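2 protein chains.
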Amino acid sequence: MKIKTALISLSNKNKLSNILKNLKKYKIKIISSGGTYKKIKSLGYKCIEVSDYTGFSEILDGRVKTLHPKIHSGILYKRNKTSHKKIIKKLNFESIDLVIANFYPFKKIINQTKNHKKIIENIDIGGPALVRSAAKNYKDVTVITKIDHYQKLIHELKLFQGGTSLQFREKMSQVAFGETASYDSIIFNYFNNFSKIEIPEKIFIKTNLIQKLRYGENPHQLGAIYGNEENFNLIKLQGKELSYNNYNDIFACLSLTQTLPKNRGTVIVKHSNPSGVSIETDHLKSYLSAMNCDPISAFGGIVACNYKISLKIAKEIIKNYYEVIVANGFDKAAIKLFKSKKNLRLIDSTRVALNKYNKIVSGINSFLMQTNDNQIFDKNNFKIVSKIKPSKKLMEQLIFSFNVCRSVKSNAIVITQKNKTLGIGSGQPSRIDSCKIAIEKMKRFKQFDNESPLAAASDAFFPFLDGIESLVQAGVTAIIQPYGSIRDKEIIKFANDMGIVLIFSKSRHFSH
Amino acid sequence: MKIKTALISLSNKNKLSNILKNLKKYKIKIISSGGTYKKIKSLGYKCIEVSDYTGFSEILDGRVKTLHPKIHSGILYKRNKTSHKKIIKKLNFESIDLVIANFYPFKKIINQTKNHKKIIENIDIGGPALVRSAAKNYKDVTVITKIDHYQKLIHELKLFQGGTSLQFREKMSQVAFGETASYDSIIFNYFNNFSKIEIPEKIFIKTNLIQKLRYGENPHQLGAIYGNEENFNLIKLQGKELSYNNYNDIFACLSLTQTLPKNRGTVIVKHSNPSGVSIETDHLKSYLSAMNCDPISAFGGIVACNYKISLKIAKEIIKNYYEVIVANGFDKAAIKLFKSKKNLRLIDSTRVALNKYNKIVSGINSFLMQTNDNQIFDKNNFKIVSKIKPSKKLMEQLIFSFNVCRSVKSNAIVITQKNKTLGIGSGQPSRIDSCKIAIEKMKRFKQFDNESPLAAASDAFFPFLDGIESLVQAGVTAIIQPYGSIRDKEIIKFANDMGIVLIFSKSRHFSH
Numbered sequence: 002m003k004i005k006t007a008l009i010s011l012s013n014k015n016k017l018s019n020i021l022k023n024l025k026k027y028k029i030k031i032i033s034s035g036g037t038y039k040k041i042k043s044l045g046y047k048c049i050e051v052s053d054y055t056g057f058s059e060i061l062d063g064r065v066k067t068l069h070p071k072i073h074s075g076i077l078y079k080r081n082k083t084s085h086k087k088i089i090k091k092l093n094f095e096s097i098d099l100v101i102a103n104f105y106p107f108k109k110i111i112n113q114t115k116n117h118k119k120i121i122e123n124i125d126i127g128g129p130a131l132v133r134s135a136a137k138n139y140k141d142v143t144v145i146t147k148i149d150h151y152q153k154l155i156h157e158l159k160l161f162q163g164g165t166s167l168q169f170r171e172k173m174s175q176v177a178f179g180e181t182a183s184y185d186s187i188i189f190n191y192f193n194n195f196s197k198i199e200i201p202e203k204i205f206i207k208t209n210l211i212q213k214l215r216y217g218e219n220p221h222q223l224g225a226i227y228g229n230e231e232n233f234n235l236i237k238l239q240g241k242e243l244s245y246n247n248y249n250d251i252f253a254c255l256s257l258t259q260t261l262p263k264n265r266g267t268v269i270v271k272h273s274n275p276s277g278v279s280i281e282t283d284h285l286k287s288y289l290s291a292m293n294c295d296p297i298s299a300f301g302g303i304v305a306c307n308y309k310i311s312l313k314i315a316k317e318i319i320k321n322y323y324e325v326i327v328a329n330g331f332d333k334a335a336i337k338l339f340k341s342k343k344n345l346r347l348i349d350s351t352r353v354a355l356n357k358y359n360k361i362v363s364g365i366n367s368f369l370m371q372t373n374d375n376q377i378f379d380k381n382n383f384k385i386v387s388k389i390k391p392s393k394k395l396m397e398q399l400i401f402s403f404n405v406c407r408s409v410k411s412n413a414i415v416i417t418q419k420n421k422t423l424g425i426g427s428g429q430p431s432r433i434d435s436c437k438i439a440i441e442k443m444k445r446f447k448q449f450d451n452e453s454p455l456a457a458a459s460d461a462f463f464p465f466l467d468g469i470e471s472l473v474q475a476g477v478t479a480i481i482q483p484y485g486s487i488r489d490k491e492i493i494k495f496a497n498d499m500g501i502v503l504i505f506s507k508s509r510h511f512s513h
Numbered sequence: 002m003k004i005k006t007a008l009i010s011l012s013n014k015n016k017l018s019n020i021l022k023n024l025k026k027y028k029i030k031i032i033s034s035g036g037t038y039k040k041i042k043s044l045g046y047k048c049i050e051v052s053d054y055t056g057f058s059e060i061l062d063g064r065v066k067t068l069h070p071k072i073h074s075g076i077l078y079k080r081n082k083t084s085h086k087k088i089i090k091k092l093n094f095e096s097i098d099l100v101i102a103n104f105y106p107f108k109k110i111i112n113q114t115k116n117h118k119k120i121i122e123n124i125d126i127g128g129p130a131l132v133r134s135a136a137k138n139y140k141d142v143t144v145i146t147k148i149d150h151y152q153k154l155i156h157e158l159k160l161f162q163g164g165t166s167l168q169f170r171e172k173m174s175q176v177a178f179g180e181t182a183s184y185d186s187i188i189f190n191y192f193n194n195f196s197k198i199e200i201p202e203k204i205f206i207k208t209n210l211i212q213k214l215r216y217g218e219n220p221h222q223l224g225a226i227y228g229n230e231e232n233f234n235l236i237k238l239q240g241k242e243l244s245y246n247n248y249n250d251i252f253a254c255l256s257l258t259q260t261l262p263k264n265r266g267t268v269i270v271k272h273s274n275p276s277g278v279s280i281e282t283d284h285l286k287s288y289l290s291a292m293n294c295d296p297i298s299a300f301g302g303i304v305a306c307n308y309k310i311s312l313k314i315a316k317e318i319i320k321n322y323y324e325v326i327v328a329n330g331f332d333k334a335a336i337k338l339f340k341s342k343k344n345l346r347l348i349d350s351t352r353v354a355l356n357k358y359n360k361i362v363s364g365i366n367s368f369l370m371q372t373n374d375n376q377i378f379d380k381n382n383f384k385i386v387s388k389i390k391p392s393k394k395l396m397e398q399l400i401f402s403f404n405v406c407r408s409v410k411s412n413a414i415v416i417t418q419k420n421k422t423l424g425i426g427s428g429q430p431s432r433i434d435s436c437k438i439a440i441e442k443m444k445r446f447k448q449f450d451n452e453s454p455l456a457a458a459s460d461a462f463f464p465f466l467d468g469i470e471s472l473v474q475a476g477v478t479a480i481i482q483p484y485g486s487i488r489d490k491e492i493i494k495f496a497n498d499m500g501i502v503l504i505f506s507k508s509r510h511f512s513h
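Protein chains in written order, with the numbering used here: chain A, 2 to 513; chain B, 2 to 513.
For reference, chain A alone in the conformation it holds in the complex (with noise of 0.2 Å):
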């Protein structure tokens, strides 16, 4: 079946000559309107004017053009059912069987404007109904909504002579369907937006593929990554591609080493759990104490460093095995080094900011949604209830724990020494069991000296005494943690009795 008309109406009019040249190389006559119509004449194409097509002129400043029966008839009716077929030829009407059409870029202008008037005018009508009558009749018709696929239907219009395929059609039918709905979600969350809805009624997540992964967790399952290109900034510098868990893993020691002190955050993440973390202006101090903090976990696990690797510090890391690093940049000469290891991905994470976006995650039938647990602590959140009060430098040890201690799985608890975890007690099911972890791998890898105090944070208050005094007699000295437990006052009078720090937080950190 060949092409006779087209209808063309674009807001993106980019890449359109070649388009027209194939076109007019089938003979296939052109309908367009206002600024498409103009540019299709400037470059030098026959083309009518939809107004001389309807016979009804373009009003209201261009808000109704093509909805227009003569138009839709055209595109609607079906090829091969009599009825259908005399209608047309009685009323006069003629087939369009081509529709290529983009619409009024209405997320553009939302992130130029702020001018709700010149937002809602951008909200475009006659395009999305165009698109929607080809792309339901996709037997007969062929609907093209991104520039991308110019070049495929220029490829079928010559396999097929100036025809196209019935699955090429069905392909941007469905292609044509994505386009409208992101196009109304767009406009439905910038409602949501404008109106200040912080949990709406309906949410729509619409987001591309960036990657098919080569499985999910594990290989029998299948997995991707989704996101909008433009703000997903790992930028991958070299290694094999990333997979589920890397991603999964990366992702958890970004969380982390965004809201650590810029430019001194060193974390190791496995399995998506830190292993080690530190905060040193001296880099190389940074890295090596990060991973000394557990050694054996860090193997094979994933480095992130929020300031710029330099060679020394590659020549430090080069040494362990990992899958990943993750930095604010590599020196050239790190990025040198690195090449004699072909696998190992480097991924650059200078443009990634803190996730605005609430987190989401599925689970039967459903999904659960929570805003982030990732803002930068005020003092304020903390009050210290101890008669001894920390020195500032102790208290800065306390909130730096503490914020290694929201990343960690529930139950967690961290141990540090100055600026470095010494133990990280993860995912059990009692707070007493994260103790004994945590306090065992402070003993196990010893990177601890005898003169600094021992600080420990929980992510939730401790239910009874044993936790807090495990800890206590593993030599810890100062304590913080969420207040809320009925043992409140029994855990400030233990840490007044043992002589210790003793801080609350307002806020609890369960992560899961």
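By construction, these hints were calculated from the structure, which means they are not laboratory data.
Please read these numbers as outputs of a predicted model, since none were measured by experiment.
Hints may contain errors.
[Said to hold, decoys possible] A few chain B residues facing chain A, derived, Cβ under 8 Å:
no., residue
1, 134
2, 194
3, 196
4, 232
5, 358
6, 512
Just so it is clear, CB atoms sit at the ideal spot from N, CA and C, and this is done for glycine as well.
Given the structure of chain A, go ahead and fit chain B onto it with the hints provided.
Chain B only, in chain A's frame:
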């Protein structure tokens, strides 16, 4: 501003008469077509047919009805713009100030039939175009797309004497774009399924608010649960509002109970990790075994049973403090008993089926998607690699262990005896640590006898001998683990030297 003319175009014509009564009261002219026109007439109200209004006959079996400039101009013109008003007057068009429309029931149809042609016929073109025009021009036009909002419209008409407030129109406009976006995303997803695309180029998640939650994982985070009411089959029989963490734990429970043999399984979950699991035809034994595996962790946890809870079991459960009890129903006497614990949430999950949908979790400006890991294990997934072969009963125990293991956060080690867990090691960055935790728990809670074999499962292969050694030293005589380590041969040799059973799984089961 009084509404002069309303256009009504409904697929679902329920609850229309009350609207008509009110439109008549405020002398609002009605335009309609097809089935809606007939319905309005049959209810005894005046109505102008669209074709009489536009002078253009309804053609193509109703495919083109309202796609006419007289209709769309009447909706879209700006009431406060002189040039717009002039042209409307000149063309003898009229103002359409209210659009009440809903669409061909595309979603209902795809649930009713597999007939692609019939499904495509149910893509509404005119309706969404009308609704989008009205929604864009909400400054002047009211658009109603949901029957739920009829009462609100009537209320507005009364309040504003035949008009509506701008605030209402804005809200209804937002709802309208939600409807059109939903509609097209369902069509897009249908095409994806029709074309059997598993990793589509674009995904839409469109989901409705089921419930705002008190907060997210923590009190300073907002939280909500979204889903589609029709397949969200958790039925709450009593108790406090479910929290974010409750839901998260319920999903963790059900993912496991649904893969356990029917009518036998009890799972206790805390912080989204199982703390005890058992399968026994004697339900009381099943519950007690799950609970006793780690009674300390069970405290404050969630119990899920894939059987109906009798009074006998309820009496046992009520002795402990739990947040939620999930079961395939409750005997009346059990419900009565639980009434004494008002806050305890009882959830009937009888109608919940294994999750077919892909799993989605948000990362930084992105989403990770993967297919589920909840298939029922097939014996072909496993290979006996040791000289000693397991009895049928032991093989079942090993598969049970492995099944539990995949729902424990990685690295995961699960030790079992007969039909119950003895020790669960979860969430450690290094596998040997998970072994130690599982062993330590087994020794602490002593739920084993000295006759039956101890089996252990690992969610991934042992990278070194140390993990498997520690398990054998602790008395384990049968191990199930994925293959794939460069030390697999060494592991097999070790198993044979020790005289234990070793099973290799083809599938690995990380879960984070």
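With a cut-off of 8 Å, does the beta carbon of residue 196 (chain B) approach a beta carbon of chain A closely enough for the hint to hold? holds (7 Å)
Is the interface hint satisfied for residue 512 (chain B)? The criterion is a beta-carbon contact with chain A at less than 8 Å. holds (6 Å)
Please check whether residue 232 (chain B) passes as an interface residue: C-beta within 8 Å of a C-beta belonging to chain A. Holds, about 5 Å.
Per-residue hint verdict: residue 358 (chain B), partner chain A, C-beta under 8 Å: Status holds, d = 7 Å.
Hint check, residue 134 (chain B) versus chain A [nearest Cβ-Cβ separation less than 8 Å]: OK, holds: residue 134 (chain B) within 8 Å of chain A, min 5 Å.
Would you settle whether the hint for residue 194 (chain B) is holds or violated, based on the nearest Cβ-Cβ distance to chain A being less than 8 Å? violated (10 Å)
When each numbered hint is compared with the structure, a violation occurs for hint 2 only.
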